[in-house]
Amino acid sequence: MIYVTINGQEIQTEADRTILQVAREHGIHIPTLCYHEAMEPFAACRLCVVEVEAGRGRRLVASCAYPCTDGLVVYTDSDTVLQSRRIAVELLMASAGHIPIIRQLADELGVDEPRFTMEKNDCILCGLCVRACQEIVGVSAISVINRGIEKMVSPPFHIASNTCIGCGTCILVCPTGAITLADINGDAWAAHSWGSEFEAVDCRIRDHHHLAPQFADATALLTGEAVG
Amino acid sequence: MIELCDPQALVDYRQRIRAATNPQQRRIRVCDGTGCRALGSRRVLARLQETLREAGLADEVEVIPTGCPGFCELGPLITVDPEQIAYNRVGADDVPAIVARTIAQGEIIDGLLFVDPVTGQTIVHDNDLPFYTRQMRRVLELNGQIDPTSIEDYIAHGGYAALSKALYKMTPEQVIEEVKQSGLRGRGGAGFPTGTKWRLCRQSPGEVKYVVCNADEGDPGAFMDRSILEGNPHSVVEGMIIGAYAMGATQGYVYIRNEYPLAVQNLKIGLQQACEHGLLGENILGSGFDFDIEIRVGSGAFVCGEETALMASIEGKIGEPRPRPPYPAQNGLWGKPTNINNVKTWSNVPLVLRNGSDWFASVGTEESKGTMIFSLVGKIRNTGLVEVPMGISLRELIYEVGGGIPGGKAFKAAQIGGPSGGCIPKEHLDVPVDYESLTALGAIMGSGGLVVTDEDTCMVDLARYFLKFTQEESCGKCVPCRIGTRAMLETLERICAGQGRQGDIEYLIEIGQEVKRSSLCGLGQTAPNPVLTTIRYFRDEYEAHIYAHKCPAQVCKGLITYEIVAELCTGCTVCARNCPADAITGAKNQPHTIDPEMCTRCGVCQLLCNFDAITVH
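Which chain is which? The protein sequence lines are E and Z, in order.
So our numbering is basically just the index in the first sequence, starting at one, shifted up by 24.
So our numbering is basically just the index in the second sequence, starting at one, shifted up by 27.
Be aware that one or more of the hints could be misleading.
[As the list claims (entries may be wrong)] Calculated cross-link-like contacts (lysine-lysine; reagent style DSS-like; alpha-carbon spacing at most 25 Å): (1) Lys175(E) x Lys196(Z); (2) Lys436(Z) x Lys453(Z); (3) Lys495(Z) x Lys584(Z); (4) Lys144(E) x Lys495(Z); (5) Lys192(Z) x Lys207(Z); (6) Lys207(Z) x Lys363(Z); (7) Lys495(Z) x Lys175(E); (8) Lys175(E) x Lys344(Z); (9) Lys453(Z) x Lys577(Z); (10) Lys196(Z) x Lys207(Z); (11) Lys543(Z) x Lys495(Z); (12) Lys344(Z) x Lys295(Z).
[To be verified] Stretch by stretch, here's where chain Z covers chain E in the computed footprint (C-beta under 8 Å, at least three residues): (13) 132-144; (14) 165-173.
[To be verified] Pair ranges (Cβ atoms, derived): (15) Gly95(E) x Asp39(Z): 54 to 62 Å; (16) Leu106(E) x Ile345(Z): 25 to 33 Å; (17) Glu394(Z) x Asn186(E): 37 to 45 Å; (18) Lys344(Z) x Glu61(E): 36 to 44 Å; (19) Ile345(Z) x Ile26(E): 28 to 36 Å; (20) Met25(E) x Gln230(Z): 21 to 29 Å; (21) Glu159(E) x Asp33(Z): 44 to 52 Å; (22) Asn186(E) x Arg604(Z): 58 to 66 Å; (23) Phe219(Z) x Glu159(E): 29 to 37 Å.
By construction, these hints were calculated from the structure, which means they are not laboratory data.
As the structure is a computational prediction, the values presented were derived from the model and not from experiment.
Ideal placement from N, C-alpha and C gives every residue a C-beta, glycine not left out.
The whole structure should be built from the sequences, with the hints applied where relevant.
Written as structure tokens, this is what we have:
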């Protein structure tokens, strides 16, 4: 057992839990975009930054990835933290100001309009789809390619990936709706914008969602239905 | 081939090599580094061998291709031994005279010697060149002296003695303590104490550990690490083996850029030779210690110089950084404890072990010990590679070692630490070059890149240049670095184009500070430095661009116009014939005019005009 102090409140927890996990367990709100509890932390969106007291003063760290140690002192709502989050959201608005979840965060943090804009883009490069495909599904059909401002999510060489199994996990985890089931092609669905094709069956859990046949059994188990 | 199976075998081998070497041997050392090669040293080398053969002197005169001694400005460089006659700017056409006069008759050719621009004095020996006398060459001592592809040369000069001492006379803990006592700090930029870093890795639990050499040098205008690997690869190899012994690592990697083919080649040869001599691989020097080194060639992503991105790249993953902690010492390559040091740090290690920590710490400042290697580039007379004691003043480094600013121009600022560093203006020229002093001024020691600017450099344009580099090299993973640097670059480009707005400077500062403190890795955390320091020291230039629509240094194309002074123009038509935009008109022998609408501000006309008739406003 270790003790950490968050916003002046002393909290008892276990070693190696992240600041974000501990904060959420204690009802302390920290916004996130690229975090998903089922996946490894990515520390890319920088919305979850908090200040920790380090040797030479305070510094910003990503709470989703920072492990708690005994005696750690954390501030989740200091002026520096809030300013940093505001700038992060403002920068995201440059190309994704039209996305509801970004708007919502902007309202929450009091950001009006971005001072810098770029071409509209639904994808905010949170990496959830790529990580879900790799860590949860285990196929790595998609990846990030290029660097910097040119970075994007894509199957290798922009060619529809034949390792995609059409599970739709990427679509489910995408926070901005940037990935969609593309369109019907005969009896097959193109799983997403990148054109991987698969035979489709209706999903019994979600409307308007379709699955590759190999997931039909699992869905039936979840819904308690026999396979049709 | 000789396998050295114990320390005595190494000592005997060194003595045999030395005994077989004649100090009066007629030798010609030719710089075979990338810089001199670009200036034609390979042709000089080939011509030398050919001419000596024709003259029947091939057996008497040894021709040795060496690494870079540093005076790149004057390349191709050759030195004739035993007199150590230094010839510079040698062309292949000079070779017959060198062979006929210097080699055959011992005559010195004045025209190929260095002339001191200050005193006008001709200097014969390379040891007497002011460029070298002001330096303190420890790591670079053998660069230019030895053949980098010859392990015998390295051993003859004391090579691998430090390794032998570490393996047989010291425990791993003692090695770490010696390095710690020396005060050696990471030469890659951040300056973390090397001994402390090693101890963390040693204390990390685990059977398998790795050491890595970061040779992913990517700063524009920096060539320190390349020159060491090209000119003295064994110093890095020896340092890594010592480090591996101290930390208990069994495998090492050198991560090096593909753009450094000669460094890769010489390192490969070095590793091969070390293996063949029993200095690398299993049972090193018969000590029972096993360690091997592999080369990993990177594809030129600047971000892969960041240690977590570098490790991802070695693992075959996308070169993206990940958050720290965990630090590589706990969780590095493939999840194992890993220690990463820069090329210069590794090559300092054998010197510390061989000469002792006191010797090492005898130069430098309280907090920064030893020497630092810089590549001097930009508006400086002696472009090249230099090694100076820590704590030397920037003024001494630029004016005495670097020879000052050419063309009688005034010094403006030095960009130190590459694109991650900051500029230091003339009012701080007396700052001691050490980690803390540079950080206090908003710059960083960095890896050793030093770009000098003069009155003709626009500081806004300079900031734009470096930010364009980091913005393009940002991996794009985290929001502040990916979008923040882009937002800053767009603002700078607007300012340079004459479209700056009220509030731009404040916006740059606000976003810059945020990118610094909230970015995921060192690339983003330092990328705004050139912008923030140029604003700090040259805010007036920014204001001139934004409010007065003027570029004081007359660099930014959106803010200048070229004009022909009718009284000076002779109508020679040179400018009109060479204008790529066909913007210049005028009859022969009559004054010409430039159409500002068509002019692209390329400056060719001004460069070519023989009558100084073209001015810039």
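Hint check:
no. : hint                              : in the structure
1   : Lys175(E) x Lys196(Z)             : 52 Å, violated
2   : Lys436(Z) x Lys453(Z)             : 13 Å, holds
3   : Lys495(Z) x Lys584(Z)             : 17 Å, holds
4   : Lys144(E) x Lys495(Z)             : 22 Å, holds
5   : Lys192(Z) x Lys207(Z)             : 17 Å, holds
6   : Lys207(Z) x Lys363(Z)             : 23 Å, holds
7   : Lys495(Z) x Lys175(E)             : 16 Å, holds
8   : Lys175(E) x Lys344(Z)             : 16 Å, holds
9   : Lys453(Z) x Lys577(Z)             : 22 Å, holds
10  : Lys196(Z) x Lys207(Z)             : 17 Å, holds
11  : Lys543(Z) x Lys495(Z)             : 16 Å, holds
12  : Lys344(Z) x Lys295(Z)             : 24 Å, holds
13  : 132-144                           : holds (count 3)
14  : 165-173                           : holds (count 6)
15  : Gly95(E) x Asp39(Z): 54 to 62 Å   : 57 Å, holds
16  : Leu106(E) x Ile345(Z): 25 to 33 Å : 32 Å, holds
17  : Glu394(Z) x Asn186(E): 37 to 45 Å : 57 Å, violated
18  : Lys344(Z) x Glu61(E): 36 to 44 Å  : 23 Å, violated
19  : Ile345(Z) x Ile26(E): 28 to 36 Å  : 34 Å, holds
20  : Met25(E) x Gln230(Z): 21 to 29 Å  : 24 Å, holds
21  : Glu159(E) x Asp33(Z): 44 to 52 Å  : 51 Å, holds
22  : Asn186(E) x Arg604(Z): 58 to 66 Å : 59 Å, holds
23  : Phe219(Z) x Glu159(E): 29 to 37 Å : 32 Å, holds
In the structure shown, a violation is registered for the earlier hints numbered 1, 17 and 18, in ascending order.
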